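Engineer: So the chains spell out like this:
Protein chains: 2
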Amino acid sequence: MKKLINDPDDVVDEMLDGMVAAYPDRVRRLSDTNVLVREDAPVGGKVGVVSGGGSGHEPTHAGYLGEGMLDGAAAGEVFTSPTADELEEMVAAVDSGEGVLLVVKNYEGDVMNFETAGEMVEMEGTEVAEVVVNDDVAVEDSLYTSGRRGVCGTILVHKAAGAKAAEGADLDEVQRVAQKVVDNVGTMGMALTSCVTPEKGEPTFDLGEDEIELGIGIHGEPGVERTDIMDADAITEELTESVLDDLDLDEGQEVVTIVNGMGGTPQMELFVVNRKLQELLGDHGLETWDAWVGDYMTSLDMAGCSITVCAVDDELQELLGAPADTPALTVR
Amino acid sequence: MKKLINDPDDVVDEMLDGMVAAYPDRVRRLSDTNVLVREDAPVGGKVGVVSGGGSGHEPTHAGYLGEGMLDGAAAGEVFTSPTADELEEMVAAVDSGEGVLLVVKNYEGDVMNFETAGEMVEMEGTEVAEVVVNDDVAVEDSLYTSGRRGVCGTILVHKAAGAKAAEGADLDEVQRVAQKVVDNVGTMGMALTSCVTPEKGEPTFDLGEDEIELGIGIHGEPGVERTDIMDADAITEELTESVLDDLDLDEGQEVVTIVNGMGGTPQMELFVVNRKLQELLGDHGLETWDAWVGDYMTSLDMAGCSITVCAVDDELQELLGAPADTPALTVR
Numbered sequence: 001m002k003k004l005i006n007d008p009d010d011v012v013d014e015m016l017d018g019m020v021a022a023y024p025d026r027v028r029r030l031s032d033t034n035v036l037v038r039e040d041a042p043v044g045g046k047v048g049v050v051s052g053g054g055s056g057h058e059p060t061h062a063g064y065l066g067e068g069m070l071d072g073a074a075a076g077e078v079f080t081s082p083t084a085d086e087l088e089e090m091v092a093a094v095d096s097g098e099g100v101l102l103v104v105k106n107y108e109g110d111v112m113n114f115e116t117a118g119e120m121v122e123m124e125g126t127e128v129a130e131v132v133v134n135d136d137v138a139v140e141d142s143l144y145t146s147g148r149r150g151v152c153g154t155i156l157v158h159k160a161a162g163a164k165a166a167e168g169a170d171l172d173e174v175q176r177v178a179q180k181v182v183d184n185v186g187t188m189g190m191a192l193t194s195c196v197t198p199e200k201g202e203p204t205f206d207l208g209e210d211e212i213e214l215g216i217g218i219h220g221e222p223g224v225e226r227t228d229i230m231d232a233d234a235i236t237e238e239l240t241e242s243v244l245d246d247l248d249l250d251e252g253q254e255v256v257t258i259v260n261g262m263g264g265t266p267q268m269e270l271f272v273v274n275r276k277l278q279e280l281l282g283d284h285g286l287e288t289w290d291a292w293v294g295d296y297m298t299s300l301d302m303a304g305c306s307i308t309v310c311a312v313d314d315e316l317q318e319l320l321g322a323p324a325d326t327p328a329l330t331v332r
Numbered sequence: 001m002k003k004l005i006n007d008p009d010d011v012v013d014e015m016l017d018g019m020v021a022a023y024p025d026r027v028r029r030l031s032d033t034n035v036l037v038r039e040d041a042p043v044g045g046k047v048g049v050v051s052g053g054g055s056g057h058e059p060t061h062a063g064y065l066g067e068g069m070l071d072g073a074a075a076g077e078v079f080t081s082p083t084a085d086e087l088e089e090m091v092a093a094v095d096s097g098e099g100v101l102l103v104v105k106n107y108e109g110d111v112m113n114f115e116t117a118g119e120m121v122e123m124e125g126t127e128v129a130e131v132v133v134n135d136d137v138a139v140e141d142s143l144y145t146s147g148r149r150g151v152c153g154t155i156l157v158h159k160a161a162g163a164k165a166a167e168g169a170d171l172d173e174v175q176r177v178a179q180k181v182v183d184n185v186g187t188m189g190m191a192l193t194s195c196v197t198p199e200k201g202e203p204t205f206d207l208g209e210d211e212i213e214l215g216i217g218i219h220g221e222p223g224v225e226r227t228d229i230m231d232a233d234a235i236t237e238e239l240t241e242s243v244l245d246d247l248d249l250d251e252g253q254e255v256v257t258i259v260n261g262m263g264g265t266p267q268m269e270l271f272v273v274n275r276k277l278q279e280l281l282g283d284h285g286l287e288t289w290d291a292w293v294g295d296y297m298t299s300l301d302m303a304g305c306s307i308t309v310c311a312v313d314d315e316l317q318e319l320l321g322a323p324a325d326t327p328a329l330t331v332r
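Heads up: the protein sequence lines correspond to chains V and R, in order. By my numbering, the letter at position 299 of the first sequence is numbered 299, and the numbering carries on one by one without gaps. By my numbering, the letter at position 149 of the second sequence is numbered 149, and the numbering carries on one by one without gaps.
Among these hints, one or two may not hold up.
Said to hold, decoys possible - A short, non-exhaustive set of chain R residues, derived as facing chain V with CB atoms under 10 angstroms:
1) N6
2) V20
3) P42
4) G45
5) G56
6) H57
7) E209
8) W292
9) P323
Calculated directly from the structure, the hints in this document are not laboratory data. These numbers were taken from a predicted model, which means no experiment stands behind them. For glycine and all other residues, C-beta sits at the position ideal for the given N, C-alpha and C.
Looking at chain V on its own, in the form it has when it is part of the complex (with noise of 0.2 angstroms):
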């Protein structure tokens, strides 16, 4: 399989160095490290927020640092946690004593460096404080969690925590915010193909030309349940409903959708995915205050999509829709 890359032992740190080179009026790098924080890092008077994991999923996470989202992140190699030690250097980065909420995907490595790491910076008189996502309804456990992975609705909880630290909020107050988002939020993920890793060079799994996979991560893992290719309308439908079922909303209830594209999917597809799904949360008597479409945690070069509800309250509309000024993410 091509890809437009070097050396693949060389793809993250070359990845990191070029968005450096594409924004160095908004992030920069920690010498040394795959860390990126923002570049006005720590932002005085304000919780820092920060996040991380592996590599492969951009515009995951370094996409959203900036003004109203995230002060740090650290990338891991391609699907791989970042260590604790580079996650101990962001945390003591962006501190401004006001403390720094951690934002943990829930995987198994990311949950226990996350937590070494946050043990190490509370040594040095920092306190932290931290969510773990785990937003995918599609398993109970998996091949790298137990508990439910955490996946797309992890930008959700960037974005009302860094709205929160924004407004001077204190760390019990970001944590209380981000938590809310994840106790009210659920996506599940679908494949028509497996992705295809740097070092490895071929697909993570098998699929037919016929087949797709329901229930899919976003490391190449695969999914719950195989199926016969089906139209996007019965794939929206699949996605929408196990969702929502696991949600349990009631009628007249306020939502924000995300169809999120997994790196190889254009555009195109990911609109005709959000139509069906509109009609559909109409049909459930549900509103929809927001709908974000596009790319915003991938896998690598997968084809595929993965849908995301979440209830909003009056709370969390006006943390969602707060200003924001990252890379991949800007709100006026």
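Based on the hints, put chain R in the right spot on chain V.
Structural biologist: Just chain R, lined up with the frame of chain V:
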């Protein structure tokens, strides 16, 4: 090849409905057409700026509808020009009495249909002006054009013309800045894979596992040179040097760059390309004023990228950096 679509005949219609469902406060669809306009069109006291072309290039053009960019975007069928009738309806719908700039990518069908539409609206008293974008440095004439093709540089034309119109400038001035971008921009693209159209369901050209195409267009037409796969740095150098040869810039010139994904390319790879691009520009003594990295003008699910360089003086910097609020591009 698998796609997230329903009936291929419905894909453009359903995509447009999906866009309106995503952005109901921002865009609306003219009834019985494939034209989207700003929800608040015509915007009083402002020159209208419109574009259009075949579908399959999303977010081009409808993704750029909104404050500071486009007032109208006409979508043809996949890789097919919009009809003159629909273009006429679009221009009429966005004219507030100040006239309308037509931004046309140089393809024979687009040029002909925009010209016909322009003549039709002029008979009804709408003043129009036109720019034809021809930034592709790969070919002098092509399958679908006499003269060079219009590709990703078009987005910079949308941005500059839209910003000038938002300032309240008259039609001549809006056309002047649009033409200034056209006169200062060059683009060259490459493909790792062909795209697959919904109708045909198979690649529009065959490319071996170890081959790439340099100088591709955005309609699935093959490029000007087929070569063995190279690493990302070598590919970036081929594209960049071709563009710089064409532009022939003086040392110290400030530029805006775009590393544009063709639809199936992970962001990781685009940033790897951007790293090398910025290094090469530095070697040439050029100064990057702004760097864009992402999917701006795609070719369905094609894997590959294009590189755009545009020389920018103070005036273009002000216009390209001015506020914009569209689904695909927001500038604060």
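Engineer: Give a verdict on every hint.
Structural biologist: Verification of the supplied hints:
{"no.": "1", "hint": "N6", "in the structure": "holds (5 angstroms)"}
{"no.": "2", "hint": "V20", "in the structure": "holds (9 angstroms)"}
{"no.": "3", "hint": "P42", "in the structure": "violated (22 angstroms)"}
{"no.": "4", "hint": "G45", "in the structure": "violated (21 angstroms)"}
{"no.": "5", "hint": "G56", "in the structure": "holds (7 angstroms)"}
{"no.": "6", "hint": "H57", "in the structure": "holds (9 angstroms)"}
{"no.": "7", "hint": "E209", "in the structure": "holds (7 angstroms)"}
{"no.": "8", "hint": "W292", "in the structure": "holds (8 angstroms)"}
{"no.": "9", "hint": "P323", "in the structure": "holds (7 angstroms)"}
The structure does not agree with the numbered hints 3, 4 stated previously, though it agrees with the rest.
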